[in-house]
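Spelled out, the chains give:
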Amino acid sequence: MIPLGDLLLYASLAVSFIALVGLLLKDLKNIEFLNRFATPAILLVAGLLTFAYLLLTYYFVTGNFAFDYVWQYSSSDLPLVYKLSGTWAGQPGTYLLWVWVVFLSAAWLAWSTKHSSALARRTQIITLITGIYLIILTLVQTPFKLIIERPEVVELIAKGSMTSDFVPLDGNGLNALLVNFWMIVHPPFMFIGYATMTIPFAAAIVYLLTKEDGWEELGRQWARFTWLILGMGIAVGGVWAYLVLGWGGFWAWDPVETASFIPWLTLTGFLHAAALHRKDKTTFSIAAPILAAVSFILVLYAAIVVRSGLFNSVHAFGDSSTGTLLILSIVITSIVSIILGMRRYLEEPDKVEEDRGFWNKTNIFYVSLLLFVVLAFISFWGITFPAFIQLTQGLKVGVASDTKNFFNVWSYPFTIILLLALGFCLNYNEKKKEEQKRTLYMVIGLTIITMFARTETFYVLDHSSPFWVREPPFYKLIGNISVISLFPSMIYATWAIIKRSLDYLRIKSLRPKIKGMGIAIVHFGVIFILFGAVISSNFTQKIEGINIPLSAKGERVDIGHGYDIKIIDFTTRSLAGTAAGGLKISEIFASPENYVNNNVKVSGKITDVLNVPTPPSYTTYMQLDDGTGSLWVATQADEVLNIQKGMELTVNGFMMTNFRSNSTGATYDLIIFTKPDQITEAVTSGKYTVQSVELEVYQNDKKIGSGTAEYLESKGGSGTFPLVDSSITGTDVYVIFQGIGGGVIPLTLRIIPAVNFAWIGIVLFAIGIILIMAVRSRPKKSLV
Amino acid sequence: MRTKKLLSIFVLVLILSFAYFSYKTALNNFTLSDKNNSYLGGIQFHRAAEGLKESFQIAQKENKPVMMYFWAIWCQYCARFQTDTLGNPQVKKILEEEYVLVAMDLDIDREVAQKYGVSYPPYLVFMDPQGNVLQRVPGAVGPEYLLPIVTQVRDQVRKK
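Chains W and Z are the protein sequences, given in the same order. Numbering that gives the first Met the number 0 numbers the first residue of the first sequence as 0 and each following residue consecutively. Numbering that gives the first Met the number 0 numbers the first residue of the second sequence as 0 and each following residue consecutively.
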């Protein structure tokens, strides 16, 4: 029997195919017959896929472990929000999310245009082809696969040691690293961004094919939205890396984060090209659609980087069965785009225009586009050629002695040129061109001079790093450039943005004013992020290998360099709170009449133990604390039980009230009597244990930070949740804790300055682009 | 139009030369492992599972301890651990002269890692020639921590 979810996918496949045929017949043969059904069919598919996604969510929430995917990425002790986010924790679920959003955008296209124009119809055709391909991809790795289809389970069923209606009692659980708020939002952002890239891409391909006008308008808001959500996805991933992985930074050029950054860069290029193209259709008439197509291709590439297993990364969450299909799709879309681009290029009549020389706005804009392409290529190449070498020669190579050095060395000069272009373009004024050129030359001169500045630190590559000596001469040459050289161009760009925003503010009419401010804010964002990144990565102070003995709790321990750390407390708990089972002790105290003279079960930590000889046996009194309250438990055994303070136990016993003990002389309001075999260890019940250390950090006897650093352990691995204490000045106190071992608390301390600037920059990005999107520049009726 | 064409050609040439140059540089300077060996922190290790049996044979013949190093290319701490700790002149000398060294790539040698209970890099497992685990060093420790262990394990095996 086919599961309901798969049925929905097959139905979507069939219905979307009908819609595609209908649109194709209309477009090629002008046959109306099926075309009438295209719009309702697409809306139906969007509905079916919405249902499929909700169904998957339902399986996760109810913990239906008959489904392999649910079993793999969830377990019953997870809080609800992580059950929800389990739907996109693995590859099959993210494919479903992707295809779902693609069809939601197809539905929007169908609804808003009714396919009345050739452009809308053709764009829909390309969107549908993409969507159908993604449905097939989802079916190949369906999230609705039953657990009894797993090879090892099939084997066991064949042997007869398992029945075919086998359903596991509990799930495998979520990777410990993903149990975090930022990881709840990161994957959906990424995949929604991947999906919303489809319409700009489809419209661009149609334009390349048929020169259909209005393509840029059709895809404009989608492209901006993609830029926003993909950018936010990347940023959230960065925040996660900062707060969870304990990288001590938000960017580490890991292959997967780099891969998602590449389409975002080319998309940035596209938005710039589109800005000029929209004013004059002949400007960037090839560059703009090609950049849109390239961005989409790079999105597919990013999906491969996560899925193929070829790119060794901290994101090793995928497996490879759909890798080949994805590669095939890249090859096809690349060839199509190249052929179409070439054709357009050869067809395009050479524009006979007066030669305005190099220094005009279009050319400088073009330089910026090329810079985005160059930066994208550097990132692309840096993650691609090691995989290529591994594939072809069986060798593993690093791109530099330290991976990040490669990207920093190559990107640095182009980032400066991009800032210079930014400054020049934003303030471009045909009349004052000569004056502006002089300013630019001055800034370039200053940049070159400051490259030679010699300081103790603050170079493109860290001279004190052990990797420095092992880099080849060229990397050393660039690495020797002082980062001070970034500042002339940065100040120049900032000045240009400020001047431009003042101009915008002077505009009377509201729409261009808002849009102009949006543009200015986004560019301010660039400056903030660059500043934050450069300062935080160059001026972080690190103290590694700190080991504080458990016995030093409550004392200030000198860790050198003028810093002290005081451990306030350390605890261990399971993630789901009192997941160990039983009642909360506070509930018992709230209404004891319900529990007295009844059997009750409670779990908690032993905070006190009394062993009293009561011949011929021993009685053990222990105080159990579950965080909500504490309760005494008594039991009798022939010998002294090995129960000690700090143990986590679950107790099942009989509740009594007003019990006076002859042996201890005390009266207990409430006490549980139990048998030794009713006392079990509680810790094993939680799949996730969290060790927390509460601590304070002092610098020269002044407290500079405090909080809790955590270490989460599960069957699947471990995660660190560093203490991050931010101050107004933007300097973070950052403490990584790696789990208690050997009687010591191992810590790493970092003092990270200016990291807040990067976060502010990201927020500015979002605000700016939302302002730009809010202003629909020229609402045209002709399109609909 | 001409300016743009020239710019495009210039950038294309730039990109291609960058691609070629960085490719060559990596191949010549930063090969981390081939089929037989890994080259980490300037030390040559036997590569992984295929060579494991052979490594123990060598260790038995020469009565040397075996050090297994679990690493991964994406591991931020490994790179530093290799240059700072394994690459420390004193540590390096002892390791190269008096140990049989095996490197396990966590992306490839997952089974071996599972067998020895290693779930994250960097991780060192010290063994006698018979394969009994003598010491474990998880995490990126400093040379001052590793040096005494390296010496102690060596002496322990020698005494036997």
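Heads up, a few of these hints could be off.
DSSO-like cross-link-like pairs, simulated, lysine-lysine; straight-line CA separation at most 27 Å [stated by the list, open to error]:
id: 1; chain 1: Z; residue 1: K34; chain 2: W; residue 2: K210
id: 2; chain 1: W; residue 1: K158; chain 2: W; residue 2: K280
id: 3; chain 1: W; residue 1: K280; chain 2: W; residue 2: K113
id: 4; chain 1: W; residue 1: K210; chain 2: Z; residue 2: K3
I should point out that these hints are in silico values taken from the structure, not numbers from a laboratory.
Those earlier numbered hints the structure runs against, lowest number first: Violated: hints 1, 2.
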